[in-house]
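Novice: Listed below, chain by chain, are the residues.
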Amino acid sequence: MDNENAEHGELVGQILDVIAKEGMVDRARVTLDATLEDLGLKSMDVVIILSGIEEKFSVYIPIDGPLAEAKDVREFVGHVVEQIVRKEA
Amino acid sequence: MQRRRVVVTGMGAVAATGIGARALWEAARDGRSGVGRVRLQREVNNRVTIAAQIPDYDPTQYFDRALLAALDPFAQYALIAADEALAEAGLAEARPLGARTAVILGTGLGGSSTLDEQHRRVYIDQKRPEPLTIPRVMANSGASHISTRHGVTGPVFAVASACASAGQAVGLGLMLIRSGAVDRAIVGGSEAMITASVFSAWEGLRVLSPDRCRPFSRKRNGMVLGEGAGMFVLEAAECAAARGAEPLAELAGYGTTADARDLLRPDPAGAAACMRAALADAGLEPGELDYINAHGTGTVANDSSEAEALRQVFGNGLARIAVSSTKPVHGHALGAGGALELLITIMALRNGVVPPTLYCEELDPACDGLDVVPNTARAKPVRAAMSNSFAFGGINAALIVTQANPH
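For the protein sequence lines, the chains are A and B, in the order given.
Take the first sequence: its letters are residues 1 to 89, numbered as in the working numbering.
Take the second sequence: its letters are residues 1001 to 1407, numbered as in the working numbering.
In case anyone wonders, no lab produced these hints; they're calculated from the structure.
Treat the hints loosely; a few may be bogus.
[Stated by the list, open to error] In silico lysine-lysine, BS3-like type, Cα no more than 30 Å apart, as pairs:
id, chain 1, residue 1, chain 2, residue 2
1, B, K1380, A, K87
2, A, K87, A, K56
3, A, K71, B, K1219
4, A, K56, B, K1219
5, B, K1127, A, K42
6, A, K42, A, K21
[As the list claims (entries may be wrong)] Negatives, chain B to chain A, calculated, CB over 12 Å:
id, residue
7, P1210
8, N1221
9, G1298
Values in this document were obtained by computation on a predicted structure and should not be read as measured data.
Glycine included, every Cβ here is placed at the ideal spot set by N, Cα and C.
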């Protein structure tokens, strides 16, 4: 997943921007090592972030599935990148 | 003073399995799913295309044109199910039921399809809404129509607690009868929110499965929306006995709690506290339950949280309790869900058969310890059974039924 994130640096940055904007968190705090809990993101915020991602990248990501197990921003972003890449492939 | 005992003397259902309690029970027992391609009154760009809707439903078979003008589908379903329950209780012709009877109806949204259609009329067609929009939409509409139809002049009201609505409505009926405020209560839940806009809104919440509801399975990926109504006649045991009515089961316990945490993510501690409260209310030890109809929505969050709560409450005793979710059969009927599932729970108790969890594939390790009765019903004597409902908003409800005439 780290490889994937590194390979898609620009995309990762855009996703972090969406997390910061839709989750209403200071962008500087949205690092790959942060957990959703660290950022104070609750279930509602995740729904809103996923809506923002759908709008920006036209990809529908359910809240269930791999995303439910994401322990930190790195894993969360990794799953989102995977979905976007798969869609574009 | 000894507490009043409360029994169930009638049940009725409208669900994706058809009209009637028997159709619902048989489908749940035999693992026949009512899920199909979603039918919406208008085309929308929905990505999810499945739901559990009432098959071949024609309201004109049940209501005349004048009454229909005042009835949203959620009120229609409630009336049909209440009529069936009252007929089974031997009260179909007992009108007026009077001031010692209550009607308590759970519903999440009330008249959704009316609201949806009338919004469209205002915003798109630039017309005034139809004159009976408000009385169709209001959440108490279903309860009020049952009251009017059967001459119920006691307490009549709606309970709106999302997926815990029906559980709380039944529980409140139990409490009102125990308190002596009434002798009888017509209780349950009704929901008809599969409209174009509400369906899309559920999709936006990202909790709907694109293919099927597989509670407790490792690869589960969400819930399937359902609709319908489940209604019961509850009576003080001495009142039922006095008129020679045969009880179907005793409604022995009710617990309700709130998580007071996350709006959407369930908390095992709240669910566990709720089940413990229901057991205490029924005066039962955890080991005395033989069957639990789980909330089991098929979402990752609910099922693992519910499994954790069950382990907390039942410990090592969980292995000998059958725990199934019947939602793959009737869908998640939201405000009606707790009522459809209580009905199935009572049928399991009466028939000594526990219904299966349909579409069970590999059990999720997070749901370890649960005997989910995979895919096929099982003969099993049931002395006492519980039905769980856990709602968005962190509201939990659990109901316990026991044999009406324990041997």
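Novice: Against this structure, judge whether each hint is valid.
Specialist: These are the hints, each one checked on the structure:
no., hint, verdict
1, B:K1380 with A:K87, "violated (48 Å)"
2, A:K87 with A:K56, "holds (13 Å)"
3, A:K71 with B:K1219, "holds (18 Å)"
4, A:K56 with B:K1219, "holds (28 Å)"
5, B:K1127 with A:K42, "violated (41 Å)"
6, A:K42 with A:K21, "holds (15 Å)"
7, P1210, "violated (7 Å)"
8, N1221, "violated (5 Å)"
9, G1298, "violated (9 Å)"
Checked against the numbered hints given earlier, this structure breaks hints 1, 5, 7, 8, 9; the rest are met.
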